[in-house]
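J.: Required output: the full structure, derived from the provided sequences and hints.
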Amino acid sequence: MTGYQTGRQTGSQSSSGLLDRHIAFLEALRAAGLSVSLAEDLDAVAALSAVQWGSRQTVQAAYAATLVKKQSQRPTFDALFDLWFPRMVGSGAGAAGTGAAEATGDGPDAAGQEFSVRDGADALRDFRERLAEALAADDQQALADLAAEMVATFGAMPGRGPGLSSWSAYTALQRVSPGELVDQLVAGLLAEGRTDEEAERTAGRRIGAFTHRVEDDARRRIAEEKGPEHVANVALRPSIDRLDFLSARRSDLEEMRREIYPLARRLATRLTKEHHAQRRGPLDFRRTVRASVSTGGVPLTTHHKPKRPHRTELVVLCDVSGSVANFAQFTLLLVFALRDHFQKVRAFTFIDHVHEVTHHFKPGADVVDVMTDLAASTSHAALWGRTNYGRAITKLAENHADALGPKSSLLVLGDARSNYSDLALDTLSELVGGIRHAWWLNPEHRRHWDNGDSAASRYGAVVPMVECRNLTQLGEFVHDIL
Amino acid sequence: MTTADWFSSPDDATERLAATGYLADPATATTAYLAGALEKPLLVEGPAGVGKTELAKAVARASGAELVRLQCYEGLDEARALYEWNYKKQLLRIQATQATGDAATWDETHDDIFTDEFLLTRPLLTAIRREEPTVLLIDEVDKTDVEVEGLLLEVLSDFQVTIPELGTVAAVRRPFVVLTSNATRELSEAVKRRCLYLHLDYPDAEREREIVSSQVPDLEERVAGQLVTTVARLRELELKKAPSIAESVDWARTLIALEIRDLDDKAIADTLGVVLKHASDHDRAVRELRLRR
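Protein sequences, first through last, are from chains A and B. All residue numbers for the first sequence refer to the numbering used here, where the first residue is 1293 and numbers rise by one. All residue numbers for the second sequence refer to the numbering used here, where the first residue is 473 and numbers rise by one.
Among these hints, one or two may not hold up.
As the list claims (entries may be wrong) - Derived lysine-lysine pairs resembling BS3-like cross-links, with alpha carbons at most 27 Å apart:
id	chain 1	residue 1	chain 2	residue 2
1	A	1565	B	738
2	A	1654	B	529
3	A	1565	B	529
4	B	615	A	1362
5	B	712	A	1636
6	A	1599	B	615
7	A	1362	B	712
8	B	713	A	1654
9	B	561	A	1362
10	B	749	B	712
11	A	1362	B	738
None of these hints come from the bench; they were simulated from the model.
T.: See the structure below:
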């Protein structure tokens, strides 16, 4: 087999450190949660020996084709690839060309003094002009070079000796503050004929992407100094389906929202398949015997009663206060995307007062509109604005008793932090006693339950409580209750 | 076993694919080259309409190979994917033997009716037995049941099929295998492990303009630019289904058919139905891009 042969060939070159780096890279991928098997390792080596190493892009494509088998893992792979196979070393060979205007010598050994000279007000103004140009043109190559230059010039933290100097993306970003270029960028985009919101969104995205580049470049520099293993743990963010709802940034939330429909579709496919597999109901004795007459009384084929599909009537009660609001919105969106699998879905939001939001989820409605409507209706759910689970539960029992019949199931979403108020445990257990099922999804890590004002275990005693921190857990849960 | 030379280098792949009208980006070209060089199946994932199936066809055209296609669907089974015994013909054969009167022994008849003559080959077996260069396209593999994946394992890793009555049929010449998936279902680790993986996404503006221009040469350069910019703007919106390359090309054809020379707001609003297929997406685009004021 070709894989083993090439594996041996590369083995003999291990003195160059290439194999060591390859192994270390694979180890890092495994540590980051990619399941890279030995077979894929050998494939990667075979792929590398089949391509030219002249272009970094080709090497990356070869590694990606053999090692990454899920698109959601691609960002993790790219981040690690950047660390182990950096785009350039130091300020790169091209730095002399791009920075020739204001810089003379630029050796990494003479770093300290060089940077303090270059980092002046003039340099800053000049740099910001060039950055604004590149951002307006959305020139990826220029932006990558500028990010490297920015870290080198404005993010250097000279150390006392060789190997002690470091780079800080934070310092660089503070100095240059690309965020202030937004207005300029928006004006440019408007001139191109974009609408207001669109221009703002595009500008925000470009600036965000550039900030990421700067952070990546600082990491590359640190990795160069201290070894990639040192940085790998800090550098990685969990992939989007494993990212905690509570620690998501705004850009992550947008990405998560895009994931909702594909997730719902995957779940629906899986459910339909599973339901088909178990479509055969109990034996229809009468039909089987009747059919057996034609084969002389031997029941060659058995007939079965069709299975009656069971559909849940779901009532969702969600806490929409502050930090857990995102989690509630995601769950609501997912539940409504899967509404075909439920008999009926009703949704209520609360902070300290219960408000019904079912009408916002029209079939085929636009996700963004629904989100906006939900956000707007939050004000109806609050009288005083302090989360009060006890009051919400009491109000639900008083005002919406019709929603909770013996056929319905209750799904509570929230962190069970009730500001030390009355928990209304009796009302809740009464409610739960009269319905089919009840679950509680808590977006907090299990270790935070019962800290501070969390009443997780006390509510958990009445309603089974499940930890649900990311899209994967959410998908699993929704699949199980259907 | 003879090994076919599919592409000699990533650049060669880019050139030869481009000659057939498929403009591949560097990652696609590299992966296509690797799939040929390592003789491994290639699993292509991505949203609908970005040219997954087209890639397989382009590889076939570029290398002068024949395309054997297996379209997957729920309920696909061995008999439709691999092979089937032509039992009607077998029955005829047995009856014919009986009619002529020579009492053939059981063994003879048995050996006789399980031969090549009575075998109906389905796409997977066809692709393996072909001696000429072959591209095997297993389309929408995520639509099948999990059992079919098990069936694919033997074909994908060893390029052989075991038929109990005939023995193992090994590939004379390894086909270039392309599997496509829309990721409605997570494929099993076992299948993924045997494949090279490629995620195709929407192309950048420059490449998309090239694709549109090459597919619809009649379109003016300026209108093509406007079209690609508009499609890029649409993709930035949060839509249920973002327009894909196939839809950009359709749009370009629509503009030619309607003889629209300038893609202004009115023209966009009038023809938006070609690219957006949901009513809510349509409303959203009109509102966000301020098409009707």
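J.: Work down the list of hints and note, for each, if the structure agrees.
T.: Comparing the hints with the structure gives:
Between residue 1565 of chain A and residue 738 of chain B the CA atoms are separated by roughly 45 Å; this puts the pair beyond 27 Å, and the hint is violated. At roughly 41 Å between alpha-carbon atoms, residue 1654 of chain A and residue 529 of chain B are farther apart than 27 Å, so this suggested pair is violated. Under the criterion of a C-alpha separation no larger than 27 Å, the hint pairing residue 1565 of chain A with residue 529 of chain B is inconsistent with the structure, at around 30 Å. Between the alpha carbons of residue 615 of chain B and residue 1362 of chain A the distance comes to roughly 17 Å, so the proposed pair stays at or under 27 Å and holds.
For a cut-off of 27 Å, the pair hint linking residue 712 of chain B to residue 1636 of chain A stands: about 23 Å separates their Cα positions. A C-alpha spacing of about 24 Å is found between residue 1599 of chain A and residue 615 of chain B, which places the hinted pair at or below 27 Å, so the restraint holds. Between residue 1362 of chain A and residue 712 of chain B the CA atoms are separated by roughly 22 Å; this keeps the pair inside 27 Å, and the hint holds. For the hint linking residue 713 of chain B to residue 1654 of chain A, the alpha-carbon distance of about 18 Å falls within 27 Å, and the restraint holds.
Between residue 561 of chain B and residue 1362 of chain A, the direct Cα distance comes to roughly 46 Å. Violation of the 27 Å bound is thereby established for this hinted pair. Taking the CA atoms of residue 749 of chain B and residue 712 of chain B, the gap is about 9 Å. The hint holds against a cut of 27 Å. The hinted pair formed by residue 1362 of chain A and residue 738 of chain B fails the criterion: a straight-line CA distance of about 41 Å is larger than 27 Å.
The structure is inconsistent with the numbered hints 1, 2, 3, 9 and 11, although it conforms to all the rest.
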